[in-house]
Amino acid sequence: MNKETPKEYLRFNTIERIQHVILFTTFLLLSFTGWALKYPEQTVEHSSWLVKIWGGAKNAGIVHRIAGITMLLNFAWHVLYLAYMLSTGKMKLRKDTTIIPLPKDVMDAVKNILYFLGLGKEKPQFGRFSYIHKFDYWAVFWGMGIIGLSGFFLAFPVQSSYFFPSWSVNWIWEVISIMHSDEALLAIVFILFWHFYNEHLKWNKFPMSMTWITGKISIEDMKREHPLEYKLEFGDKGDNK
Amino acid sequence: MKRVFLVALLWIPLLCFTYSASAETFTCLACHSAMKGKIRTEEGVLIDVNVDGEKYSQSVHGGFDCIACHKQFGSNPHEPARITNVPQGIASLASKLTHKAKVDPVALAACSECHGDIYKSWQQSIHGSNVIQKKQSDGASCVDCHGSPHYITPKNTATSHINKKNIVKTCGECHENEGLARKYGFSTHILERYYESFHGKKYVIGHPNAPTCVDCHKYHDIKKWEDPMSPVAWDNRTETCGRCHKGATKKFVTAITHKPYGKDNPVPYYFEKGMIVLLLSVFAFIVGHVILDAISEIRDKVLRKGKEGHHE
Numbered sequence: 015m016n017k018e019t020p021k022e023y024l025r026f027n028t029i030e031r032i033q034h035v036i037l038f039t040t041f042l043l044l045s046f047t048g049w050a051l052k053y054p055e056q057t058v059e060h061s062s063w064l065v066k067i068w069g070g071a072k073n074a075g076i077v078h079r080i081a082g083i084t085m086l087l088n089f090a091w092h093v094l095y096l097a098y099m100l101s102t103g104k105m106k107l108r109k110d111t112t113i114i115p116l117p118k119d120v121m122d123a124v125k126n127i128l129y130f131l132g133l134g135k136e137k138p139q140f141g142r143f144s145y146i147h148k149f150d151y152w153a154v155f156w157g158m159g160i161i162g163l164s165g166f167f168l169a170f171p172v173q174s175s176y177f178f179p180s181w182s183v184n185w186i187w188e189v190i191s192i193m194h195s196d197e198a199l200l201a202i203v204f205i206l207f208w209h210f211y212n213e214h215l216k217w218n219k220f221p222m223s224m225t226w227i228t229g230k231i232s233i234e235d236m237k238r239e240h241p242l243e244y245k246l247e248f249g250d251k252g253d254n255k
Numbered sequence: 027m028k029r030v031f032l033v034a035l036l037w038i039p040l041l042c043f044t045y046s047a048s049a050e051t052f053t054c055l056a057c058h059s060a061m062k063g064k065i066r067t068e069e070g071v072l073i074d075v076n077v078d079g080e081k082y083s084q085s086v087h088g089g090f091d092c093i094a095c096h097k098q099f100g101s102n103p104h105e106p107a108r109i110t111n112v113p114q115g116i117a118s119l120a121s122k123l124t125h126k127a128k129v130d131p132v133a134l135a136a137c138s139e140c141h142g143d144i145y146k147s148w149q150q151s152i153h154g155s156n157v158i159q160k161k162q163s164d165g166a167s168c169v170d171c172h173g174s175p176h177y178i179t180p181k182n183t184a185t186s187h188i189n190k191k192n193i194v195k196t197c198g199e200c201h202e203n204e205g206l207a208r209k210y211g212f213s214t215h216i217l218e219r220y221y222e223s224f225h226g227k228k229y230v231i232g233h234p235n236a237p238t239c240v241d242c243h244k245y246h247d248i249k250k251w252e253d254p255m256s257p258v259a260w261d262n263r264t265e266t267c268g269r270c271h272k273g274a275t276k277k278f279v280t281a282i283t284h285k286p287y288g289k290d291n292p293v294p295y296y297f298e299k300g301m302i303v304l305l306l307s308v309f310a311f312i313v314g315h316v317i318l319d320a321i322s323e324i325r326d327k328v329l330r331k332g333k334e335g336h337h338e
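So the sequences go chain by chain: V and Z. Per our numbering: the first sequence = residues 15 to 255. Per our numbering: the second sequence = residues 27 to 338.
It should be emphasised that the hints constitute simulated quantities derived from the structure, not laboratory data. Keep in mind that a hint or two might mislead.
Said to hold, decoys possible - Reference listing, derived: stretches of chain V covered by chain Z, where coverage requires no fewer than 3 residues with Cβ under 8 Å from a Cβ of chain Z:
1) 40-54
2) 129-136
3) 168-176
4) 192-206
5) 210-221
Where is the CB? At the ideal position from N, CA and C, for every residue including glycine.
Only chain V is shown next, with the shape it has when bound in the complex (with noise of 0.2 Å):
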């Protein structure tokens, strides 16, 4: 129990932080090269430096799909990454530390909201991942389902049409695209709402957190915002100090 408590506590490390980034740029490149796809009318009126900056449409649709490709590779390394620290033991399931929603999260979802609006005296008492954390990182894996098939899809129309049903052929791209381009818009308005207020903007984060790329937390804003991680780590002393 005399163990000193260190200063700092590595969230993530270096293969998570770098899926981070490649996700994010490529997350970046995608809606720059798509959202002139998305609002055409606008763009040619409005701002044409959105095809412009990229030498025009063609080229744009080619760093979109190249980015896509590079977007759904770093996902299915993500996803083998999860099962092998799984499988291997080097991560384990705990409730406190886990991604996965749990019914806790709803409750904490209410409390906060609560306390925002006043009617609560103590804000909810976060684990490893808040409510706002497995929100933000089960948007990208829905978005990636959704948007990431949607755009295979329209990326190879011809050799996708041999799968689909002779039932749906008459309105499945139409389907397709709306899928694409609404969830698109959903990602973004999502990133740009949820992800940037919560990691950019708040007060103690503003105009970033150092996170992403040095993968810590300092004791105390683990101590703030993570308790309960921070108890399975370092006991109870937190108080004591």
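Chain V is already provided as a structure; the job is to place chain Z on it using the hints.
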């Protein structure tokens, strides 16, 4: 002598033009480039008699004498039209176009003198047969798509009505027209649906490979899509789509229908509605959460300064 001098004076502004038209053209343009507005003919048709000399000179036909096409007019001021000046073939074609070109059907028929093959395939097209056989004055002829022959510029110039940048709009002149759509039973949704499709979106943002109307439907010899000769008839679609989408099958080519969302197309219609509900509810949640969070943070920092002190 004085009269000659005045006539010479009239020529001075014309000499400023840089075009290479013949003397006869100058004679016509002396009046017609100055005449503004419309006049009513004896038949009671309102016609525009103005010809912009400068624009004419820059057009592909700028080097022609006026009477190369306006074959029945030869003097100034005009004598009554003399059909005898007109070659047999053009005269007979013109006689089928009197309802379409009310003032000078000969001029409209005269296109065929140089563009004979195109004219023939147009006559067999849905646009041409509508004019020639069904005698409709609102059917599309040369000038409806290419604009006035006086101002036709090469296909690759921005002013050309059939330039890739303008062609969809040119088709839309009629195909977005409610009245014509009702009369001929086509849908005005076609262009809208094209613009919403990936083909149309790519076209709008300037993708060089994006197909326009004419890439799939053809142009001079355009047919109704149900006509087995049409490139977009069911049996020809695999070939037509296959020009860009190698390996296109029967299953693939149903992708483009230009059908409006709604009754005929319920799945995407309700899917889109569902997506809007999903998007708006997620937006409402995240934006609401962020705003409440921010307000409570400000409240904690400003109003409850002392209470949370032990961590700061």
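Each hint tested on the structure:
Beta-carbon proximity to chain Z at under 8 Å applies to 3 residues in the segment 40-54 of chain V; the threshold of 3 is reached and the given coverage holds. Against chain Z, the segment 129-136 of chain V contributes 4 residues with a C-beta closer than 8 Å to a partner C-beta. That satisfies the three-residue criterion, and the hint holds. With 6 residues having a Cβ less than 8 Å from any Cβ of chain Z, the segment 168-176 of chain V passes the three-residue criterion, so the hint holds. Given as covered by chain Z, the segment 192-206 of chain V passes the check, having 8 residues with a CB less than 8 Å from a CB of that chain where 3 are the minimum.
Coverage of the segment 210-221 of chain V by chain Z holds in this model, with 5 residues showing a Cβ closer than 8 Å to a Cβ of that chain against a need of three.
Checked against the numbered hints listed earlier, the structure breaks none of them; every hint is satisfied.
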